[in-house]
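Visitor: Listed below are the residues making up each chain.
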Amino acid sequence: EPEVTQTPSHQVTQMGQEVILRCVPISNHLYFYWYRQILGQKVEFLVSFYNNEISEKSEIFDDQFSVERPDGSNFTLKIRSTKLEDSAMYFCASSDSSSSYEQYFGPGTRLTVT
Amino acid sequence: ELKVEQNPLFLSMQEGKNYTIYCNYSTTSDRLYWYRQDPGKSLESLFVLLSNGAVKQEGRLMASLDTKARLSTLHITAAVHDLSATYFCAVDPTTDSWGKLQFGAGTQVVVTP
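Here the protein sequences line up with chains A and B, keeping their order.
For the first sequence, the working numbering assigns the number 1 to the initial residue and increments by one for each residue that follows.
For the second sequence, the working numbering assigns the number 1001 to the initial residue and increments by one for each residue that follows.
Careful, some of the hints might be misleading.
To be verified - Cross-link-like lysine-lysine pairs, in silico, BS3-like; alpha carbons within 30 Å at most:
1) A/K42 to B/K1100
2) B/K1041 to B/K1100
3) B/K1003 to A/K83
4) A/K78 to B/K1068
5) A/K83 to B/K1068
6) A/K78 to B/K1017
7) B/K1003 to A/K57
8) A/K57 to B/K1017
9) A/K83 to A/K57
10) B/K1056 to A/K78
11) B/K1100 to B/K1017
12) B/K1056 to B/K1068
13) A/K57 to B/K1068
14) B/K1100 to B/K1068
15) B/K1041 to B/K1017
16) A/K78 to B/K1003
17) B/K1100 to B/K1056
18) B/K1056 to A/K42
19) B/K1068 to B/K1003
20) A/K83 to B/K1017
21) A/K42 to A/K78
22) A/K83 to B/K1056
23) B/K1041 to B/K1068
24) B/K1041 to A/K42
Just so you know, the hints here were simulated from the structure itself, not pulled from any lab data.
These numbers come from a predicted model, not from an experiment.
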């Protein structure tokens, strides 16, 4: 069964560094998303992406963040100048154009900023 | 701004008994999802509810949606240990945007003998 994959599974970085989190959405999906979940808290929407541009973004998704689809398969989240409070699990999701727009989530990348 | 409230936040279940988790949301939407999350794992899709009165069932779980009351319920029948997990409802605010899922805080379910 097709699934969303994410790499790395765990990323440790120092405060102020830049990180890139990578996702491979399900191959025939057209809509891509990033969410984050701080430990023990709810899942928060960051950004949605369709047709090579951002569709929606939350207040969390400020100039520190950017997304890109560098090729036909990858979808990346870049976090510049990381802060301690960026430590969280980051989930990528994708959906197709069916009426349900059901989002399928990847396994997540745990980002630890020290 | 869309608010999604789940209750209870923690539910201790006895095996064999029935329980309900509630999900209230603050603005009009006709697209609601239920997810399960095991500790340290990703979100597993349980149900997609797309219209008023929608009811879906899978095994011991049944979800329903009342868009007029802005309420969804997840009913667990005859709880068993492997249902222990955190359950999230998520609402898609389809009136002004789509795909921007707003999650509830989650209900942590622990099933004991």
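Visitor: To test your reading of the hints: which numbers does this structure violate?
Guide: Per hint list: 4, 5, 6, 8, 10, 11, 20, 22, 23 violated.
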